Amino acid sequence: MIPLAPVQSDEILERRLLAEADRRGEAVDAARHRVLQAGLDAEKERRERAEQAARLSVDVLLVTATMTEHRMLREVATSLRLPFERRAGRFCTYYHLGMIGTDRVASIQVEIGAFGAGGSASSCIQARAETRATALILIGTAFGIARSEQQVGDVLVSESVFLYDDRHAVDGPTPGRFETSLHAVGRAIDRTTAERWTVARKVRALSGPGYTVQYGPTSRRAASGAWVSRFRRLADEWRRTGETGRIIVGTLLSGGSRIESARFRDDLVAAIPKMDSPLIGGEMEAMGAISAANADEQDPGWIVVKGIADFADAQSRAKIDATRDLAARSSARAVLRALQTPASPV
Amino acid sequence: MTASNKYFDASTDPPVHPRIKAWKAYRNLPGVQRVEVEVRRDRDGLILLPARLFVSFLGKNAELIRLDEAPWEVELEDWLVDHEKARAVNVENEKLRFSLLLKPAMRPILTRYGDGYFNAVLTVVLHEGPFSKHPEVVDVLHHIHEDQPAGGSKEDCQALIEHVFTLFAKRLLALYDGSREIAVDILGGAIARYLDDRFSVTNSKILGLV
Chain A
87 MIPLAPVQSD EILERRLLAE ADRRGEAVDA ARHRVLQAGL DAEKERRERA EQAARLSVDV
147 LLVTATMTEH RMLREVATSL RLPFERRAGR FCTYYHLGMI GTDRVASIQV EIGAFGAGGS
207 ASSCIQARAE TRATALILIG TAFGIARSEQ QVGDVLVSES VFLYDDRHAV DGPTPGRFET
267 SLHAVGRAID RTTAERWTVA RKVRALSGPG YTVQYGPTSR RAASGAWVSR FRRLADEWRR
327 TGETGRIIVG TLLSGGSRIE SARFRDDLVA AIPKMDSPLI GGEMEAMGAI SAANADEQDP
387 GWIVVKGIAD FADAQSRAKI DATRDLAARS SARAVLRALQ TPASPV
Chain B
7 MTASNKYFDA STDPPVHPRI KAWKAYRNLP GVQRVEVEVR RDRDGLILLP ARLFVSFLGK
67 NAELIRLDEA PWEVELEDWL VDHEKARAVN VENEKLRFSL LLKPAMRPIL TRYGDGYFNA
127 VLTVVLHEGP FSKHPEVVDV LHHIHEDQPA GGSKEDCQAL IEHVFTLFAK RLLALYDGSR
187 EIAVDILGGA IARYLDDRFS VTNSKILGLV
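Read top to bottom, the protein sequences are chains A and B.
So for the first sequence, this note's numbering puts the first residue at 87; every next one is plus one.
So for the second sequence, this note's numbering puts the first residue at 7; every next one is plus one.
Next up, chain B with everything else stripped away, as it sits in the complex (with noise of 0.2 Å):
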């Protein structure tokens, strides 16, 4: 029987996000030249409040055609990041927006295994790779006290951590016109920022602990 079903004919591309339907709209306002991204994520006191995007269309001498607010969400960043190549205000800020993506990205390894040994791959990942050196994991790393991952599955994990951060190098250097150096140090200060959210110390920083 071959009666039509729309769920079998139509097309599998997903539902653009009304929020990317409107950027792509004010995209096409006449002038608007380029994308830029600001990330905003307000610190009160020792808590975090939500992050949320401000999102400028600028004309050819960068000046403000069209601004947006909206929270922060992963769908509406790998659009700006993937999809239009917009980059943050600055370096810094990038390395903030790159630190939130990791989030998701690690989440369904955390969920396979777990808080404790997720944390010790994660930390041996990076003492004995190519961010060991970087002064800003360094920085954090100094404030972690992780121990060695007991039981087999190391290197599952950290082969599955590492993906991600090659995924990351990747889109990056998309981002940079293959500057290879410029997303070297924004990744490092992406992984520092997720480190530190991660493990409080900031917070603890704050409290005098450290």
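Isolated chain A (complex conformation) (with noise of 0.2 Å):
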């Protein structure tokens, strides 16, 4: 293939193609028609390419996971009199919700959890990048923590995300005589039984997990200041003008973990650090949607606005029909009135 550019001068090029036609056995005219179609193919698919890239462009872009999130996030926009047009991109559908205040704004869907083809990490990657967003905002359900302080339907905005899974598990401190006869016991139901495993865990946990949780400092990551501030003048704005609905701003555990267990959620709730800012329920898509931060530490871009579902527990998990609607109608009102508001106050 002859390259088209750069073309040092005319002369050049016209001997190249003499040389092309030849190695190929070709006539000159056709040659240069070929050389001249390739150029022309090229040039049409680099303004395609360029047209794409300007109709699916945004500033600001809204992930769901589940089809209830996306059909909310539709019908809050349509009562809002805003478009829901869908979009085409190389990697992902995009639904265009058109100017809200300043923003261009578009959203996804993406798969439940962070990894995965179709998974929140991959899919936020390669969606920044088709549409040059410089903020992420996820949206949808998430669960609650503190079933006496909050409920169905508050709205959890994270002001920064634990990721649960990002933790060090060491061997404990050496046990002592009591634990060791215990584990001794373990070690023979597990010689000499059938059911291994399943009983000797039991016997064995008699005398504590024998390891401890540690977390790093990587573990916690803190959302876009810029959008916590504009979720936080919402919240008062809500609260002062009594409007239904809760928003409660900290820190929100993010992991692979589908919990619908009380015991397990208090557990993990316990191995958290304590920090300055509270937790406050958790989710499981964040984890992924942060590799597509920009590198900004200080601004990275993104936040998690999600309305609270369940409480990751068996008996809110039964009920979950009923209120997985009010939980992510909730979020998408509360995100695409924040988008309605100038970004700081005048």
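Check each hint, because a few of them may be wrong.
[Stated by the list, open to error] Think about it this way: if two alpha-carbon atoms lie no more than 30 Å apart in a straight line, the pair counts; the simulated DSS-like pairs of lysine-lysine are:
{"id": "1", "chain 1": "B", "residue 1": "Lys109", "chain 2": "B", "residue 2": "Lys160"}
{"id": "2", "chain 1": "B", "residue 1": "Lys176", "chain 2": "B", "residue 2": "Lys160"}
{"id": "3", "chain 1": "A", "residue 1": "Lys130", "chain 2": "B", "residue 2": "Lys139"}
{"id": "4", "chain 1": "B", "residue 1": "Lys109", "chain 2": "B", "residue 2": "Lys91"}
{"id": "5", "chain 1": "A", "residue 1": "Lys130", "chain 2": "B", "residue 2": "Lys211"}
{"id": "6", "chain 1": "B", "residue 1": "Lys27", "chain 2": "B", "residue 2": "Lys66"}
Treat the hints as calculated values from the structure; they're not laboratory data.
Quick caveat, the model's predicted, so the values are computed rather than measured.
With the hints as a guide, bring the two chains together.
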């Protein structure tokens, strides 16, 4: 293939064209036509890519993970007379909500969880590259952790996210005689019974887990300070005006576990070190979306804004069908409302 | 009542960053003539890893007397640039270094005006300003598609962005002994890298989108 650019001079190009035609055993006019066509095709492709990039460009990307979250966003957008126009991209399908306040906004739907081909990590990186978005807002549903203080439909806003899978498990202190004996009994059960592991583990559990979990400084990631301020102002406004719904700002847990156990949830919360920002709930996608953050640690260009759908226990998960819509709707309503308000108080 | 109160009597100089304290000591090591900086920010596929600073304390013949490494921090860089006049190992690295410094400098403007408005005004400033012909800026701007800023705050936002560029121009002139040509090239390259990070341009190239 004859390189089309950079063209050094017509004479050089002509000489290379003749050489290429000769090598291929092709008539010079045919070679000229082929090269011209290739140039036109390349230019057409370049122009089409530029048009596609311009058509998909936005400032803010809203990220949903379930069909309910996507549906509720569309419902709230429609109620606010915003468009919800489907546009196909190379990696994702985008739903453009047009200009909200001073931001061009679109949404994408990713698979539940962080990893996998359609998970939040790869999808958010690809979508950011394709739309040139400079802010990601993860919306939808989350779990609360304090049933006495929170209720279904409250909106949780991440001041930071705590990646609970980013942990270091180390052996605990040397076990005493009692613990050693229990472990020996556990091992004996392993050797002599058909029901391995389960009974042995129960016996060993009597002496405690035998390890401790440690979290390092990288486990906690700060969300965009600018967006946190914007949602704090919205929270104040809702409190002042008596708006239905409540916005709670704090730290959200993010990890790969689908939690339907109060004991697991409580153990998880108990293992998190004390922080200046209160722990308010948890979800599963932020862990991946953080990979798509820009490299500015102070303002990484992402935030999580999710409604409480359950409390990560069997009791509330049993009612999830009744609570999911409310939670997703609350989240979408808060986000679209925040986008409509100025970035900072004038 | 005029009882003693340390907050009213003490000096207002801020405490010195521990790393700067150490660097001041290294600067005074026998034979150290100058300080040189290298910023490393590796890319792992589509993800940029956190930047790190490598600070070399060099002798008269550029021999290495002491090397120190630290996570990149604006406070450290401010000291190195403005107090120590420590240049980067080469122009390309200087561009990366100043692109990182642009982020905290632009952040208050971004916070005040929001992503969409800031993005729109920033691209207008660059399209209409003196960097509109800088090859690296031109190359990146070509891949960014912003609408015209809507609303009446454009002049205010523009003035703040241009003020940041002016401050950076002065810092670079001071760092490069008034060499305007080098300063212009570095600032243009830094702006291009800042835009690239902000608008994920390299990632879109890696993914074959442009």
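> Which hints from the list above does the structure break, by number from lowest to highest?
Replying inline: Nothing - there is no hint that the structure violates, so all of them hold.
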